[in-house]
Amino acid sequence: MKITEAFERGEFVVTAEVGPPKGCHIENMLEEAKTYLSDITAVNVTDNQSSVMRLGSLAVCKALKDEGLTPIFQMTCRDRNRIALESDLLSAAMFGIENLLLLTGDHTKLGDHPQAKPVFDLDSVSLIHTVKQLESGVDLGGNELVGEPPKFAKGAVVSPCSDSVDVQLAKMERKVAAGAEYFQTQAVYEPEKFIQFMEKAKQFGKPVQLGIVIPKSVGMCRYMNANVAGIHIPEEMIDELKADKEKTKAGITGVEIAARIIRECKPYCQGVHIMAMGWESKVPSLLEQAGLR
Amino acid sequence: MLITQLKDKETIVSLTEGKKVFIINCHGCKEVHFPEKEAKELQDEMTADGKVTGILTTDYICNPDNLKLRLEKHAEEIKAADAVLVLSCGVGVQTVAGYLEDKPVYAACDTYPLPGFQGVTPLEYDCDQCGECYLNLTGGICPITACSKSLVNGQCGGSKNGKCEVDSEMECGWERIYRRLAQLGRLDVLKCPTQVRNYATDEEVSKAE
Ligand code: SF4
Ligand code: SF4
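Order-wise, the sequence lines are chains X and U.
Mapped onto numbering that gives the first Met the number 0, the consecutive letters of the first sequence carry residue numbers 0 to 292.
Mapped onto numbering that gives the first Met the number 0, the consecutive letters of the second sequence carry residue numbers 0 to 208.
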């Protein structure tokens, strides 16, 4: 199923994401996904996230699909030139994978292979354009495809709490012009900023899913504040995590905070995207506390 | 060394439509294949149309000190122009754009590589001779060299506190581009069509020779 159909039906669309392991065994991952994520609309599979080499997104998407889940194939432009990207898009279509999330990707320097050549032959905008072109039956080189062309739901990302939000909005507009049909955001910890962002973003008329990362610990928050673009976790929130160490460790405080953010932002957006980062088991209780179950 | 080619006439005409322009020609690097004749014809035509407030033909405009002295002599003509059209390599255009902060500065050429050096010790500005100069879409700041990923369609999600995700000492190139366009009142150029880089261009140029 295409995620865009759920938006069209007016659903508040819930998605989550899984990160493939560094290795070729996915039994545990599949088990977790089936247990905790089978009743949500779709599941993103990250593409060598943070430039750390892992099992491939396309293969895991296929495995999820075989288990009856709806995968969203994440693709970055860091590791493949346009020939490889287009070829993988056709492979996805052959497997019946219909949802894409198209990103530029982090630089190779940020990951565990800093010696690697960063490709960036295309970027997020020209990759969206490329998908559209394939959908019209012609590849980026201008050559015709054989048979019925593929058709995807084309997603993109935006960073609503970025310190340069106007620059992000300009990029979002280019993504829409290129053919992006829905957006998932960077993790949000400042609902006011997100709401202000949505006031401006709604002119583009595309559904936006609020990005959520459950805050796991004080250390994680400090790390993200110092190193992760587009994220600023307010001190009061960090104090909440400090207050009861046991509760925080058990994930109760983090889930409370995340649920509160979702409730505050829900009237302004069209869905939520949960980046569980190993806490897939917390997703059902988070959805319940957020009033989504 | 490098080759600069005139952008096609349509592009130049649409850039300068309804505008008075000041033209700068740089004859610094030995540009082996520069279409002198077409460049001159174009400028004669524009002059006949009354579009030109002045023309400066000189060499090594990438030397900021030289450039400053020369531009000062033409201050009035530049003031009377709505935009400045530069026929030089990417470094030259960026040097002019850096000096004339509140004037739109347009590149009339594309820069392709040839082995050898480019210009006179460009300190501040960089050109990677990408073959399809983007400076007209980026406020005169080169996206190929000012952005760590050489992105041509806008900022990635990685900038933090205005700095690039790859190097916390380096200002994000797309923040600079956005600021510059805002300063020029030209944020509308960000609405241009999707840019797809063409790595075949240098080969095609050498094939055409
Ligand atoms: S965009 Fe940059 S690299 Fe390309 S020709 Fe212009 S100045 Fe040179
Ligand atoms: S942070 Fe800015 S300069 Fe660095 S890669 Fe992203 S857009 Fe380019």
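Simulated from the structure, these hints should not be mistaken for lab results.
Treat the hints with care, since some could be wrong.
[As the list claims (entries may be wrong)] Facing chain X, from chain U, some residues (calculated, C-beta under 8 Å):
id, residue
1, Tyr-98
2, Leu-99
3, Tyr-133
4, Ser-149
5, Leu-150
6, Asn-152
7, Val-165
8, Trp-173
9, Leu-189
10, Thr-193
11, Ala-199
[What the hints assert, rightly or not] Result set (DSS-like, lysine-lysine): computed pairs, CA atoms no more than 30 Å apart in a straight line:
id, chain 1, residue 1, chain 2, residue 2
12, U, Lys-6, X, Lys-199
13, X, Lys-201, U, Lys-18
14, U, Lys-18, X, Lys-131
15, U, Lys-8, U, Lys-39
16, X, Lys-192, U, Lys-162
17, U, Lys-78, U, Lys-162
18, U, Lys-72, U, Lys-18
19, U, Lys-36, X, Lys-215
20, X, Lys-244, X, Lys-265
21, U, Lys-19, U, Lys-190
22, U, Lys-67, U, Lys-39
23, U, Lys-18, X, Lys-192
24, X, Lys-205, U, Lys-190
25, X, Lys-265, X, Lys-33
26, X, Lys-116, U, Lys-162
27, U, Lys-190, U, Lys-8
28, X, Lys-192, X, Lys-150
29, U, Lys-19, X, Lys-1
30, X, Lys-64, X, Lys-1
31, X, Lys-201, U, Lys-72
32, U, Lys-162, X, Lys-108
33, X, Lys-131, U, Lys-190
34, X, Lys-192, X, Lys-33
35, X, Lys-199, U, Lys-190
36, X, Lys-199, X, Lys-248
37, X, Lys-265, X, Lys-205
38, X, Lys-244, X, Lys-64
39, U, Lys-102, U, Lys-78
40, U, Lys-190, X, Lys-150
Note that the coordinates shown come from a computational prediction; the quantities given were computed from them, not determined experimentally.
Where a beta carbon is used, it is the ideal one built from N, C-alpha and C, also for glycine.
Hint-by-hint comparison with the structure:
For Tyr-98 of chain U, the interface hint is violated, since its Cβ never comes within 8 Å of a Cβ in chain X; the closest pair sits about 25 Å apart. For the restraint placing Leu-99 of chain U at the interface with chain X, the shortest Cβ-Cβ distance is roughly 23 Å, beyond the 8 Å limit, so the hint is violated. Annotation: Tyr-133 of chain U was flagged as interfacial toward chain X, and the flag is violated, the nearest CB pair being 13 Å apart, outside 8 Å. Interface restraint check for Ser-149 of chain U: the shortest CB-CB distance to chain X comes to about 6 Å, inside 8 Å, so the restraint holds.
Of the supplied interface hints, the one on Leu-150 of chain U holds, with its beta-carbon coming within about 5 Å of a beta-carbon of chain X, less than 8 Å. The interface hint given for Asn-152 of chain U holds, since its Cβ lies 4 Å from the closest Cβ of chain X, which is under the 8 Å cut-off. With its C-beta approaching chain X no nearer than about 5 Å, Val-165 of chain U sits inside the 8 Å limit, and its interface hint holds. Annotation: interface hint on Trp-173 of chain U holds; nearest CB of chain X at approximately 6 Å, less than 8 Å.
The beta carbon of Leu-189 of chain U is positioned within 8 Å of a beta carbon in chain X (closest approach about 5 Å), and the interface hint is therefore held. Taking 8 Å as the C-beta contact cut-off toward chain X, the hint placing Thr-193 of chain U at the interface holds, the least distance being around 4 Å. The interface hint given for Ala-199 of chain U is broken, as the beta carbon of that residue sits about 10 Å from the closest beta carbon of chain X, more than 8 Å. Between Lys-6 of chain U and Lys-199 of chain X, the direct Cα distance comes to roughly 36 Å. Violation of the 30 Å bound is thereby established for this hinted pair.
For the suggested pair Lys-201 of chain X and Lys-18 of chain U, the alpha carbons sit about 35 Å apart, so the restraint of at most 30 Å is broken. The hinted pair formed by Lys-18 of chain U and Lys-131 of chain X fails the criterion: a straight-line CA distance of about 36 Å is larger than 30 Å. For a cut-off of 30 Å, the pair hint linking Lys-8 of chain U to Lys-39 of chain U stands: about 12 Å separates their Cα positions. With a C-alpha separation of about 20 Å, the suggested pair Lys-192 of chain X and Lys-162 of chain U falls inside the 30 Å cut-off, and the hint holds.
For the hint pairing Lys-78 of chain U with Lys-162 of chain U, the CA-to-CA distance comes to about 34 Å; that exceeds 30 Å, so the pair is violated. About 22 Å separates the Cα atoms of Lys-72 of chain U and Lys-18 of chain U, which keeps this hinted pair within 30 Å; it holds. Simply put, Lys-36 of chain U and Lys-215 of chain X have alpha-carbon atoms about 67 Å apart, too far for the 30 Å limit, and the pair is violated. Of the pairs offered as hints, the one joining Lys-244 of chain X and Lys-265 of chain X holds, with about 29 Å between alpha carbons and a cut-off of 30 Å not exceeded.
Restraint check for Lys-19 of chain U and Lys-190 of chain U: satisfied, since their Cα atoms lie roughly 23 Å apart, inside the 30 Å limit. For the given pair, Lys-67 of chain U sits about 24 Å from Lys-39 of chain U by alpha-carbon distance, which is consistent with the 30 Å threshold. Of the pairs offered as hints, the one joining Lys-18 of chain U and Lys-192 of chain X is violated, with about 40 Å between alpha carbons and a cut-off of 30 Å exceeded. For the given pair, Lys-205 of chain X sits about 17 Å from Lys-190 of chain U by alpha-carbon distance, which is consistent with the 30 Å threshold.
Of the supplied pair hints, the one linking Lys-265 of chain X and Lys-33 of chain X holds, its CA atoms being roughly 26 Å apart against a limit of 30 Å. Between Lys-116 of chain X and Lys-162 of chain U the CA atoms are separated by roughly 22 Å; this keeps the pair inside 30 Å, and the hint holds. For a cut-off of 30 Å, the pair hint linking Lys-190 of chain U to Lys-8 of chain U stands: about 22 Å separates their Cα positions. About 34 Å separates the Cα atoms of Lys-192 of chain X and Lys-150 of chain X, which puts this hinted pair outside 30 Å; it is violated.
Using a Cα cut-off of 30 Å, the hinted pair Lys-19 of chain U and Lys-1 of chain X is violated, with the two alpha carbons roughly 51 Å apart. For the suggested pair Lys-64 of chain X and Lys-1 of chain X, the alpha carbons sit about 13 Å apart, so the restraint of at most 30 Å is met. As the CA atoms of Lys-201 of chain X and Lys-72 of chain U are separated by approximately 50 Å, the hinted pair breaks the 30 Å bound. Straight-line distance between C-alpha atoms of Lys-162 of chain U and Lys-108 of chain X comes to about 15 Å, which keeps the hinted pair within the 30 Å bound.
In summary, the hint linking Lys-131 of chain X to Lys-190 of chain U is supported, as the alpha carbons are separated by about 18 Å, within the 30 Å threshold. Proximity of Lys-192 of chain X to Lys-33 of chain X is assessed by CA-CA distance (about 34 Å); at most 30 Å being required, the pair is judged violated. Only pairs whose Cα atoms come within 30 Å are accepted, and Lys-199 of chain X paired with Lys-190 of chain U is accepted, the gap being roughly 16 Å. Our distance criterion of 30 Å between C-alpha atoms is broken by Lys-199 of chain X and Lys-248 of chain X, whose separation comes to about 37 Å.
Restraint check for Lys-265 of chain X and Lys-205 of chain X: the C-alpha separation of about 15 Å stays at or below 30 Å, so the hint holds. Proximity of Lys-244 of chain X to Lys-64 of chain X is assessed by CA-CA distance (about 39 Å); at most 30 Å being required, the pair is judged violated. Note on Lys-102 of chain U and Lys-78 of chain U: the hinted pairing holds, with a Cα-Cα distance of about 9 Å set against a maximum of 30 Å. At most 30 Å may separate the alpha-carbon atoms for a hinted pair to count; Lys-190 of chain U and Lys-150 of chain X meet this at roughly 26 Å.
Of the numbered hints stated above, those contradicted by the structure are hints 1, 2, 3, 11, 12, 13, 14, 17, 19, 23, 28, 29, 31, 34, 36, 38, listed in ascending order.
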